[in-house]
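Given the sequences, and given the hints that come with them, work out the whole structure.
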Amino acid sequence: MISLWHYLAVAAALFGIGLVGFLTRRNLITMFLCAEMMLQAVAINFAAFARFHGNLQGQVFVMFLIAVAACEAGLALALFLMLYRRGKSLDSSDWQTLRELGVPPAIDTQSFPAPAPVEPDPVLSPAGARPALSTEEAARV
Amino acid sequence: MDLSTFSPIQLVGGQIAIIALLAIIGFLLLLPRPQARWVTLGTASLIAAVSGLGAWLYTTFGKPMPDLIGTVLFGFFSVGALGFGSVLVTQRNPARGAIAFAFVILSTCGLFLLLAAPFLMAATVIIYAGAIIVTFLFVLMLSQNDGPSDENDRSREPRLGALAGFAFTGLVLFSLYLGSPIPASADTSKAPAASLRKQLLPVVVLNTEEKALLQTALVSLDSAGEQLSGDLTKDRDSRIEYFTRIKNTLAEVVGEPVQFEPTSAKTAVSRSGSVLSRLVRLRQELNADLELYRQDHQARAVVTQAVKLQELNAATYRKLETNLLDANPNSDLARAEVAGLREEVLLLMGMGELPASNVSNLGYQLYTEYLLAVELAGALLLVASLGAVAIARRKGVPS
Amino acid sequence: MSDPIGLALIILAMPLVAALIAVLLSGTSLRTLANLPLIVACGGGAILAFTLLGKVADASTAQFVSDNITWFAAGHLRVSFTITVDPLSAFMLAMVTFIAMWIAIFSSGYMHGDKGYPRFFILMSLFVFSMCGLVLANNFLLLVAFWEGVGLCSYLLVGYYYSKPSAAAAARKAFLITRIGDTGLILGIFLLWRMGGWHTDLTALFDHIAKNPPDQGMLTTACLLLFCGAVGKSAQFPLYVWLPDAMEGPTPVSALIHAATMVTAGVYLIARCAPLFALCPDAQITIAWIGGISAILAGFLAIGQHDLKRVLAYSTVSQLGYMFLALGTLGAINPVFAVTAAMFHLLTHAFFKALLFLSAGSVMHAMGGVIDMRRFGGLRKRMPITHITFLCGAGALAAIPLLSGFWSKDLIFEALSEASESASPFTAGYYILLTVAFLTAFLTAFYTFRAYFLTFWGPERLPAEAGDHAHESPGVMTVPLMVLSLGALFLGAAVEPFNHLFSGFLERTPSLQLAATLAHSSTIAQHFNWTIAGIGTVLVLAGLGMAFAMYRQGGPEKLPWALEPVFQASESKLYVDDVYEAAIVKPATGLAFLARVFDGFLDGLARLISAIPRLLGQWLRPMQNGLVQFYALSMALGLAVFLSFVLFRVAR
Chain E
1 MISLWHYLAV AAALFGIGLV GFLTRRNLIT MFLCAEMMLQ AVAINFAAFA RFHGNLQGQV
61 FVMFLIAVAA CEAGLALALF LMLYRRGKSL DSSDWQTLRE LGVPPAIDTQ SFPAPAPVEP
121 DPVLSPAGAR PALSTEEAAR V
Chain R
142 MDLSTFSPIQ LVGGQIAIIA LLAIIGFLLL LPRPQARWVT LGTASLIAAV SGLGAWLYTT
202 FGKPMPDLIG TVLFGFFSVG ALGFGSVLVT QRNPARGAIA FAFVILSTCG LFLLLAAPFL
262 MAATVIIYAG AIIVTFLFVL MLSQNDGPSD ENDRSREPRL GALAGFAFTG LVLFSLYLGS
322 PIPASADTSK APAASLRKQL LPVVVLNTEE KALLQTALVS LDSAGEQLSG DLTKDRDSRI
382 EYFTRIKNTL AEVVGEPVQF EPTSAKTAVS RSGSVLSRLV RLRQELNADL ELYRQDHQAR
442 AVVTQAVKLQ ELNAATYRKL ETNLLDANPN SDLARAEVAG LREEVLLLMG MGELPASNVS
502 NLGYQLYTEY LLAVELAGAL LLVASLGAVA IARRKGVPS
Chain G
541 MSDPIGLALI ILAMPLVAAL IAVLLSGTSL RTLANLPLIV ACGGGAILAF TLLGKVADAS
601 TAQFVSDNIT WFAAGHLRVS FTITVDPLSA FMLAMVTFIA MWIAIFSSGY MHGDKGYPRF
661 FILMSLFVFS MCGLVLANNF LLLVAFWEGV GLCSYLLVGY YYSKPSAAAA ARKAFLITRI
721 GDTGLILGIF LLWRMGGWHT DLTALFDHIA KNPPDQGMLT TACLLLFCGA VGKSAQFPLY
781 VWLPDAMEGP TPVSALIHAA TMVTAGVYLI ARCAPLFALC PDAQITIAWI GGISAILAGF
841 LAIGQHDLKR VLAYSTVSQL GYMFLALGTL GAINPVFAVT AAMFHLLTHA FFKALLFLSA
901 GSVMHAMGGV IDMRRFGGLR KRMPITHITF LCGAGALAAI PLLSGFWSKD LIFEALSEAS
961 ESASPFTAGY YILLTVAFLT AFLTAFYTFR AYFLTFWGPE RLPAEAGDHA HESPGVMTVP
1021 LMVLSLGALF LGAAVEPFNH LFSGFLERTP SLQLAATLAH SSTIAQHFNW TIAGIGTVLV
1081 LAGLGMAFAM YRQGGPEKLP WALEPVFQAS ESKLYVDDVY EAAIVKPATG LAFLARVFDG
1141 FLDGLARLIS AIPRLLGQWL RPMQNGLVQF YALSMALGLA VFLSFVLFRV AR
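If you're matching them up, the sequences are chains E, R and G in order.
So for the first sequence, the working numbering puts the first residue at 1; every next one is plus one.
So for the second sequence, the working numbering puts the first residue at 142; every next one is plus one.
So for the third sequence, the working numbering puts the first residue at 541; every next one is plus one.
Keep in mind that a hint or two might mislead.
Claimed, not checked - Ranges of calculated distance between the beta carbons of each label pair, as one might list FRET restraints: (1) G:Pro1162 x R:Leu513: 28 to 34 Å; (2) R:Leu513 x E:Glu72: 17 to 23 Å; (3) E:Glu72 x R:Phe244: 19 to 25 Å.
Said to hold, decoys possible - Sample of chain R residues at the chain G side, in silico, Cβ under 7 Å: (4) Arg300; (5) Ala308; (6) Phe315; (7) Ile532.
Honestly, the hints are just simulated from the structure, not real lab data.
Being a predicted model, the structure only gives us computed values, none of them experimental.
Don't be surprised by glycine CBs; every beta carbon is placed ideally from N, CA and C.
Written as structure tokens, this is what we have:
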């Protein structure tokens, strides 16, 4: 028998995962999705309360929650679009100009590892011409 | 180490801490960073955390498990939601993250279905699917960079973030445990009123024994047709005895109507069936929390229905008895009586449960009690869409 | 709209709407039409107010009170937004709107071409609005609100030429000195609220006090505090010094302040609160003494002034003193009679004083802004209409028999003589005050006609500033003068002495009736007292004759040696301003210096304390690193810490 507590526990875990994502990920769109996930956790709570209280108030709340989430999505995407136009990036850390005067900006110190060397595409000689051979190949022939 | 030296609360706290720690480790290993990630170890840690959560839930809250299908579905959807949620958080590629989010939504929709909220399921799928598609398009449009990028391959404060998130989760789980009836029943030293207070949310109005009794009565009522067929003038005693049994079964649950006696109040409790006496006792012990008790719609509905059934049970039995003892018993009349009683028993069994087909009720509620709120939400949506258009308009942006 | 309250509300709203319309016009090319809203509002208001007079006179009940709309409430204090229409307020309303209309018409010509033209009319509209509200208010706090509105508008209008330092100083002086009185008014209202059963509504308060008479000493204190407000607003001794300086504003403003709106507020307040004053003989005699002192002092100061408008200003103080003299007899004789005398003088005074000021304005307009009587004279030929209208006003002010001022002043003399023969404990005081009033009548006739002769008689002299426009003013200015002079000549005779129209109308006022009941005074049959009228006439003619003898040839002034010191003293305002300067302003400056030193010490202390949070802030500043996610993280961590604190307390 699944009780109210099970649903509340799962919702809490989902909320926690969303919170971690919101706090650590730097892509604005991912952050936004994580926030939506937290909203979903809250919606589960409401629906569970509705179920175990035997009335529909919780479900009504979820309806409004969905409406608010839709508003949020529209506005957030518009804002992201504008930010992207300004900074050509979706990194939330690009906008830290509202800090106190004299506080040094947060700069990423760890550098990316050098990209793995990419094998260049072989260049074929024009049809009918003999391809140039390396010395090894020439030796084998 | 001897675990019995710890109090149950300390034990539960320890369990929750272990689960949270596993989750934190998993996310620390999996969150994007410029160096290579330890994907296998992190995934294993996360799986361990989720299994730990499941085990904890099973051992702490889920002992009686008559509903196997429901339990399996619940496990499926919750693991889906948590798993895809973790993928969304740890995935470098935001496009894949968006797809994971879509699966999170589908899983929660499954949970909605289990929670008797079909309309919410449909609405969430439609609205979030639309929103997700749009988001997805944006992701495709905007993040067309090759190679590692700051926003996708770096994390902001992964240790503190994971700690904050899962410390919060752990604390909520712990408070769930404290708020549930279990610690009170484990700790017998506390006053019974306190344990009852803990049970209030939700009040267990029909326990399994009562449900089983009702089920028996229902089965007997279903096969009552046989007793009412054939020549009703014969075998009167066995037939009447059959209905007496049904009556007694039901009376065990809802009690018998009180005759007009001077000491009615006390007798009412003692003579009442288990449901009513339990609820009445609850009410007496919870004098302080009477308001809370009254606001529990489920308990109230059950009590009302139980009282109704109490009357009907006795009345039906009397009518059936007179009918069967009559010179020419009327089979059709008796069948109608039985059908009526059956209906009410069925209603008592389902009373307080949210019916699965509640969409029209939801609509009714939205457009009667919450009309103003609906209008406000609509206005909010309109304003938000206008605002989105106004914000996204191309103006004053240096080209 | 047949409901009197509705009518009154429309009258009240019209000047406000006019101000708003004028505001809208001010920014456009239609700014020269900014005078129209005020004229229409006052004209329409006057018509409606006369309708209202008819309704109140015909109605079976003489008082209408609007519905109780709670303005605000806190504890015992419940303040409602109520207005009342009774004969007293209806009469004031009609008078204010009617006079204001003619002043507005006059100003459209007078202020023509001024660069603040719309501003002037906006402020005038607000001034009229505030006065109408003050008259109608049935709640003390509402009354105070409009009372302050009147004060504010007068400040803004007196300081209309704000770039002129003397105008700014005069505005400040007017505001601060009336403020002294206002403080008293507010304190008095608090006291009355405390005593009057926590009522702030006038009618409820009066009823309560009439039914449960409070302690005599407390009530007298409250009444004197109220009177303090009236003294400030109505420029009575010792707070009269702002009024002559208020001449720095444009002349129509002076006319409005002196005739209709501001200075009459104090008189109206006392008349309105007659039931309270009827209970306090001490307060009555104080009012009478203040009125008497103001009357004769201002009359004396008026004779030595060279500025035409200042002469008129002091005459206003003096005439208001007459009104307070009449109000001071309120308990000694029948309060209805006393208030009638005061209000009748207020009515006639409104007409002839508006007329005199507007005529002076006309002169000033023609003289290019010069108003010093030493620099012009003999204008009789150049400005025939102004000459005649000024003569009418001067005659009425001097109370020449059969003109308006004569009848109203005669009523006041009668009230005083009745009081001196009444059962009041202060009969001797009233007798002295009657003498003072007669003496003032002589002075009034003298200084009024001194100004008249110096301005219009003798050889023609023009100042250089007059230039080529030293001629009669245009029709828009002379028509109001003519209308008002008709009022100054005949109004007094038309409404009171023969048919008792005015007193019959006013005596139905419920608050006056209540006052009459409380004062236990017998109704006196109004009769024309030939002795008093005779003495008054003789004194007026003596003053007139003396002025004729001395100034027949016009200016410049040649004084007989015996009168030289008297004029000297009068011209220097009896050194009252200097006394104030030495006794109040200098010590206040010293005190201000001390306060500044002390303030510096306090500031240092405050800075010391404020340094602590600043240091703390310095330490916490790096937290504001501009990263949104860091803020969210702090929030989540804080929430977790808080939650764990709560939960472990519960679990333990």
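Taking the hints in turn, this is what the structure says about them:
{"no.": "1", "hint": "G:Pro1162 x R:Leu513: 28 to 34 Å", "result": "violated (47 Å)"}
{"no.": "2", "hint": "R:Leu513 x E:Glu72: 17 to 23 Å", "result": "holds (21 Å)"}
{"no.": "3", "hint": "E:Glu72 x R:Phe244: 19 to 25 Å", "result": "holds (21 Å)"}
{"no.": "4", "hint": "Arg300", "result": "violated (11 Å)"}
{"no.": "5", "hint": "Ala308", "result": "holds (4 Å)"}
{"no.": "6", "hint": "Phe315", "result": "holds (6 Å)"}
{"no.": "7", "hint": "Ile532", "result": "violated (18 Å)"}
Of the numbered hints stated above, those contradicted by the structure are hints 1, 4 and 7, listed in ascending order.
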